[in-house]
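Residue-level listing of the chains:
There are 2 protein chains.
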Amino acid sequence: MPQYENPDLFKAALVIIGNEILSGRTTDANTPWIAERLTERGILLAEVRVIPDIEAKIINTVQQLSADYDYVFTTGGIGPTHDDITAESVAKAFDLPLERDEEAFAVLEEYYGLENLTPPRAKMSMVPKGSTLIPNPVSGAPGFIIKNVHVMAGVPRIMQAMMDHVLNQIQAGKPLLSNTVTCSLPESKVAEELTTLQNKYPDVDIGSYPHYRGGVLGLSLVMRATNSDSLDTVTQDIIAMIRAHGDEPRALSVGSHGRNLDVV
Amino acid sequence: MPQYENPDLFKAALVIIGNEILSGRTTDANTPWIAERLTERGILLAEVRVIPDIEAKIINTVQQLSADYDYVFTTGGIGPTHDDITAESVAKAFDLPLERDEEAFAVLEEYYGLENLTPPRAKMSMVPKGSTLIPNPVSGAPGFIIKNVHVMAGVPRIMQAMMDHVLNQIQAGKPLLSNTVTCSLPESKVAEELTTLQNKYPDVDIGSYPHYRGGVLGLSLVMRATNSDSLDTVTQDIIAMIRAHGDEPRALSVGSHGRNLDVV
Numbered sequence: 122m123p124q125y126e127n128p129d130l131f132k133a134a135l136v137i138i139g140n141e142i143l144s145g146r147t148t149d150a151n152t153p154w155i156a157e158r159l160t161e162r163g164i165l166l167a168e169v170r171v172i173p174d175i176e177a178k179i180i181n182t183v184q185q186l187s188a189d190y191d192y193v194f195t196t197g198g199i200g201p202t203h204d205d206i207t208a209e210s211v212a213k214a215f216d217l218p219l220e221r222d223e224e225a226f227a228v229l230e231e232y233y234g235l236e237n238l239t240p241p242r243a244k245m246s247m248v249p250k251g252s253t254l255i256p257n258p259v260s261g262a263p264g265f266i267i268k269n270v271h272v273m274a275g276v277p278r279i280m281q282a283m284m285d286h287v288l289n290q291i292q293a294g295k296p297l298l299s300n301t302v303t304c305s306l307p308e309s310k311v312a313e314e315l316t317t318l319q320n321k322y323p324d325v326d327i328g329s330y331p332h333y334r335g336g337v338l339g340l341s342l343v344m345r346a347t348n349s350d351s352l353d354t355v356t357q358d359i360i361a362m363i364r365a366h367g368d369e370p371r372a373l374s375v376g377s378h379g380r381n382l383d384v385v
Numbered sequence: 122m123p124q125y126e127n128p129d130l131f132k133a134a135l136v137i138i139g140n141e142i143l144s145g146r147t148t149d150a151n152t153p154w155i156a157e158r159l160t161e162r163g164i165l166l167a168e169v170r171v172i173p174d175i176e177a178k179i180i181n182t183v184q185q186l187s188a189d190y191d192y193v194f195t196t197g198g199i200g201p202t203h204d205d206i207t208a209e210s211v212a213k214a215f216d217l218p219l220e221r222d223e224e225a226f227a228v229l230e231e232y233y234g235l236e237n238l239t240p241p242r243a244k245m246s247m248v249p250k251g252s253t254l255i256p257n258p259v260s261g262a263p264g265f266i267i268k269n270v271h272v273m274a275g276v277p278r279i280m281q282a283m284m285d286h287v288l289n290q291i292q293a294g295k296p297l298l299s300n301t302v303t304c305s306l307p308e309s310k311v312a313e314e315l316t317t318l319q320n321k322y323p324d325v326d327i328g329s330y331p332h333y334r335g336g337v338l339g340l341s342l343v344m345r346a347t348n349s350d351s352l353d354t355v356t357q358d359i360i361a362m363i364r365a366h367g368d369e370p371r372a373l374s375v376g377s378h379g380r381n382l383d384v385v
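Same order as they appear, the protein sequences are chains A and B. In our numbering, each residue's number is its place in the first sequence (first place is 1) plus 121. In our numbering, each residue's number is its place in the second sequence (first place is 1) plus 121.
Simulated from the structure, these hints should not be mistaken for laboratory data. Watch out, some of these pointers could steer you wrong.
Which copy is meant is left open, so a pair is good if it fits within one copy or across any two.
What the hints assert, rightly or not - Below, simulated SDA-like cross-link-like pairs (lysine to any residue); rule was C-alpha separation at most 20 Å, straight line:
(1) Lys178 / Pro128
(2) Lys132 / Glu176
(3) Lys310 / Val228
(4) Lys295 / Thr253
Whole structure, please, built from the sequences with the hints as guidance.
Structure (structure tokens):
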């Protein structure tokens, strides 16, 4: 799909580290939030991987994604317990020593008090050599940036604060705009026309998503592009196509763009 | 972590194909459902990847995961539109021809009527040569199994019916049991004791998950094992540890096991 080759956009991968998503215990709420924030900044989320806290798996995943994408974001595994091995594994991925960051240590000393700075808590000041810290306004222990990898906490409230900090500083692309039009046509009825439209407008992604809501089958057509003129033109064509089939677009956002329009 | 090396368990990967999760438009609800069903059947979900509908990305991901895991499950991209390229890509991943399955064609003919079986609809009868079909009781178009890869729809209601069919036939492992104990201790306070317990009981996974609920920091300790005796012993040790710190486990499941106990 063209957006994944659009030179106006940076491409990012997200690595969710931790067994709680894989076990089904916790539903991942971080991906949609991160995807929206990245999109606003012209960064396309191009891949997500959920992996357990196994050192070899983290090393391999970080190496591969760091080479393949402009930016990598990780969540989880930077706490004080035995299953928090992200910092150590990322250091190994880049063949860097893990060392105490004095600024991080000072933050932890301030947060816990020196007398309560036990070895597990002090562990949270260890980062790969050469890292830049990401402040944690919620619970002290910072995240860090090394090369193009941004290592953040998994708890949503902390992750969001860290991500906001990162996104204020990161090199951004051109915002990815989107329009959504919904109708009640079966997607197989418009499949050939959608193919024609997609071929006609290669700089716009046209996605077709059938869904059941209240037992009724519906279809959402989602257009995404960095070029607002192309986006508007395709949207008008889609609306005309739906009307030509005797259906009326039931909810649509036309002529303006932004993440709030992505769900109608 | 030991469960990922436990010979009593099969290991599986899930590939979620489609741009709607990556764009943040849709929250993935399939992973927790699939994880729980697999766990019941002694199959550990060891990795999840969310990828866009780009042929090269699907081919590469399927090849890698099919080689690395006992089972691979995919969701999404088997409908009639231009962005539904999963079947074709999986065929290419295994260097197999994509061919019309007569049984699938008959199902689609029955579902749509021959006069309405347009090329986009007929496309849904195309599967890699040698595939076994997965019936779709909801909307006709089947999924399929080729080698260790199980290709299913992305719409949850259809995916669930397909998964139930697959799990009735698949070679299962020993069920992975779990107990959860929650408390209000900060995890950094029990980190060293948890490490000691984890080292003492290598056949049990001990996970430590801090969370905010209603603005209050809490801690869930999740134990997972296929051996119920080990699981019970660790659980008792964890409870004793919490009480030794002057806290009382607020919600716990002890002595019996199963997925309903996984969230307390």
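Of the numbered hints stated previously, which ones are contradicted by the structure, given in increasing order?
4
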